[in-house]
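The lines below spell out each chain.
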Amino acid sequence: MRYSFGRRRFLGLLGGAAAALGRTYAAPEADAPPYFTEVPPAASGIHWTHVAGLSKDMYVPETIGPGGAFLDYDNDGWMDIYLVNSGPCDFYTPPQPLRNALYRNNRDGTFTDVTEKAGVPGNAYGMGAAVGDYNGDGFPDLYVTQYPRSILYRNNGDGTFTDVTEKAGVAAPGWSSSAVWFDYDNDGRLDLFVCRFGDFSKAKAIFCGNPDIGLHYYCSPKVVKSSTCWLFHNNGDGTFTDVSKESGIASVQSRAWGVVAADINNDGWTDLFVSNDGLENFLLVNRKGKFEEVGLVAGVAYNSFGAARSGMGVDAADYDSDGNVDLFVGNIDHESYALYRNLGQEAFDDVALQTGIATATRLLSGWGLKFTDFDNDGNLDLILCNGHPDTMVKVYSPSVDYRMPMVLLRNTGTAWKNVSAQAGTVFNRPIAGRGLALGDFDNDGAVDVLAMVNDGPPVLLRNHAGRSNHWLGLRLVGRKANIDAVGAVVSYRAGDLKRRVVKVGGGSFLSSHDPRMVLGLGKAAKVDSLEVRWPQPGGGVERFQDVPADRYVTIVEGQGTWK
Amino acid sequence: MGGEDRMKGKWVQAGSLRRQAAVLLSVALAGGALLAQTAGKSAPVDPSASAERALKLVGQGRCKEALPILQRAMPRLTDKDLRYHAAMGLARCAMARQDMASAMSTLVLLRREFPDDPEVLFVSVHYFSHLATEASQELAAKAPTSFQARRLEAEAFESQGKWDEAAGMYRGILRDNSKEPGVHYRLGQVLLSKAGESGPVDEARAEFQKELEVEPRDSASEFILGELARRAGEWDEAARHFSRASEVDAEFSEAYIALGMSLTSAGKFAEAVAPLVTYVKMQPEDPLGHYQLALAYGRTGNREGAAREAALQKETAARQRPTPGGAAGREVR
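Chains as they are written, first to last, in our numbering: chain A, 1 to 563; chain B, 1001 to 1333.
Don't read these hints as lab results, they were simulated from the structure. Treat the hints with caution; some may be incorrect.
[Unchecked claim] From the derived model, a few chain A residues whose C-beta atoms are all more than 10 Å from chain B:
#1 Thr110
#2 Lys117
#3 Pro148
#4 Gly169
#5 Asp185
#6 Leu296
#7 Tyr302
#8 Ser304
#9 Ser321
#10 Gly323
#11 Asp401
#12 Arg403
#13 Asp444
#14 Arg499
#15 Ala549
#16 Arg551
[As the list claims (entries may be wrong)] Once the Cα atoms are required to be at most 25 Å apart in a straight line, the calculated DSS-like pairs of lysine-lysine come out as:
#17 A:Lys290 - B:Lys1314
#18 A:Lys222 - B:Lys1314
#19 A:Lys394 - B:Lys1194
#20 A:Lys56 - A:Lys245
#21 B:Lys1314 - A:Lys245
Quick reminder that beta carbons are idealized off the backbone N, C-alpha and C, glycines included.
With these hints in hand, go ahead and build the complete structure from the sequences.
Laid out in structure tokens, this is it:
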């Protein structure tokens, strides 16, 4: 029985140990310009700073936020920025007033704070933002997740917003984290899913530490009792109905951090993938308006040892253009992130190990993250925003830091390479990274990045790499389908390049993104053929030929043209 | 300061179980020395009364007198509480008096009759540790150059994380006899430990392969070679080793789950079902087996089986789930 010595431990070590062998790091290229440069506050005009209210009592939400969004709130064709702050609640009384911030894009690389005029300051302990035109008036509306109640700001179309939470019925009491707009019942209107992070309140908070030696630290979020998420059906009259129970959403207990909406089985009904902390991730498959949780059998609920990880940020994309949407999840340090390749038939395989992603992320804790073709070569890459939720983590886990650098993983088409070393100095600078939003704020076709930092200023990154290739930007406008065209599938051919890109809802963590799609064309100077498959209830397919590159075009459902 | 007080003070200061055991032993021995200064008296007929009297002697550190009384009374005691205290006193005095046979039998009795008692478990740690120390010292004294003594020394280095020293000892043993069973295996383990989670494993792998040359039916070496193959994503090679491990040791449950996992990783879901079914029969409370079997069933179209195993995974996981704690399992108040 010699083998009884530690053989189970050996099994347990496998995940981390195995990851090391898939190493595919790229050496920095000498004298190569960085892919991204940071736009400092002095240049951007964004002087807002997140204040977490880190307290001696160390309430769990304090180290979790914030998120933010790229949105074109004034419909001028330029991405504006929304940033979420903490605020007053039962466990926190700010010493001075705090507010969220809306920055209008001045179209010259600078931004102006228009929060006061717009009327979107938030009113509680803010977490994140989800943007969607729920009333179909052409102006994006703003849902701000908070503790203990969230807010729906309706865009009035004149640069101002109105808090319509009570009328709409979407306050979602409790601690809300990420949220997403999507059309779950294919009625052409955007519904709202809200992640709830368990059953938290000041009264239910517990002490974590060892008072015998005077040690106090932030609890693992896993100590928060699980609860259920929210699904609100858009009634089309400015109100919503809580359908959490009848839709099946409330049938599963969660500590949900991230959510992405995508049709993972190509049945025309948008599904949800939800990450949970210390619980199984949910794959909520939409069976014509009723959700069935199939994460375990699909192979996305746990790690390969059947253990729940600390699921945090999530995203979905058909990264290998095989016709099936794949999934990505950020986890806590020593768990490695997961890349779930969609095998079809509602089955997935975690390929993080063999792709080298497990290695690159083994000591990281991933919040904001997103598939993005940062260099427009036609392959979807991954950008990751990282940080640990416990300020004291170094004390008990010396190889792990509270602040961590961002990571850029380049998809070569055959492998994933960690190209952070070439990505810019900001990728070597540890930050308490949380939310991450994508948006092309300078309209050059190179998708830029906004990383949100806990208890610090946001980091705005300008993308230079995208300009090295051709691109085509698409603004899709649904008519029968939901106006934001969440769920649209775009297939295109440009020279030898043939790709399929899905417009997912949400993704990342606490954040919302530029609604436009940027198609990477590589060296092709035009799109030879372009096909847009609209979401239901439209469901039509429109095809276009010879679309010129390096510009944004708008395609309205049913019009058969682009402009 | 009395014996108990001195002992408490030492407990607080002691930094390790081993040191604490030594402290306990020294206190007990000191008590025994005092005991030797006092003349013994004959035990009364009533076993309970004699046991209680003996326990008072134990409390006074008079083990020499107490030990024979307790040894005589113990078999006839029926009151559970008194039996517990008498056995604890007997064990303590037997250790103090170097009566190893009596100490061992009493500890076994305590473990059998009071298996969940923290104090019993606590003293067991110290007493067994002391017994182990005694035995190792005896081995070193009586056969200092033997293979066994050198191997024990190597294992001591291992326990201290001194990988190079441990590896040197094992290599020395193998220079004398390269066919010594188990030594290549231990050396392989040391080399794996030294390599850590991301270091090179070729040298360790070679030692496990040599162990199989010495002992072709060594399921542990087969198992670890399988794991090393799995680390490298060599699913077929991994499956071959795990399959062999389960063949030579049919009760090696981990070999079945590892085989099933390797086969599912290789996309051979139908082949994975059999070893996974075996595993869940052997380890029905392990959610991992049910999870893997649910995946295998799901991928082979057995939706009913997948749903059943998924439900079992959740049930077993819920039974095993610890009380929520802080990150890294730290204390939560």
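We went through each hint and held it up to the structure:
1. Thr110: About 41 Å separates Thr110 (chain A) from the closest Cβ of chain B, which puts it past 10 Å; holds.
2. Lys117: Lys117 (chain A) is indeed farther than 10 Å from all Cβ atoms of chain B, at 43 Å.
3. Pro148: holds, 21 Å
4. Gly169: holds, 32 Å
5. Asp185: holds, 25 Å
6. Leu296: The claim breaks: Leu296 (chain A) does not keep its Cβ more than 10 Å from every Cβ of chain B (closest is about 5 Å).
7. Tyr302: violated, 6 Å
8. Ser304: violated, 6 Å
9. Ser321: holds, 21 Å
10. Gly323: holds, 19 Å
11. Asp401: holds, 14 Å
12. Arg403: holds, 16 Å
13. Asp444: holds, 40 Å
14. Arg499: It holds; Arg499 (chain A) is separated from chain B by about 26 Å at its closest Cβ, greater than 10 Å.
15. Ala549: Non-interface label on Ala549 (chain A) holds, nearest chain B Cβ at 39 Å vs cutoff 10 Å.
16. Arg551: holds, 43 Å
17. A:Lys290 - B:Lys1314: holds, 22 Å
18. A:Lys222 - B:Lys1314: holds, 17 Å
19. A:Lys394 - B:Lys1194: Status holds; Cα separation ~23 Å.
20. A:Lys56 - A:Lys245: Cα-Cα ~38 Å, so violated.
21. B:Lys1314 - A:Lys245: Cα-Cα ~21 Å, so holds.
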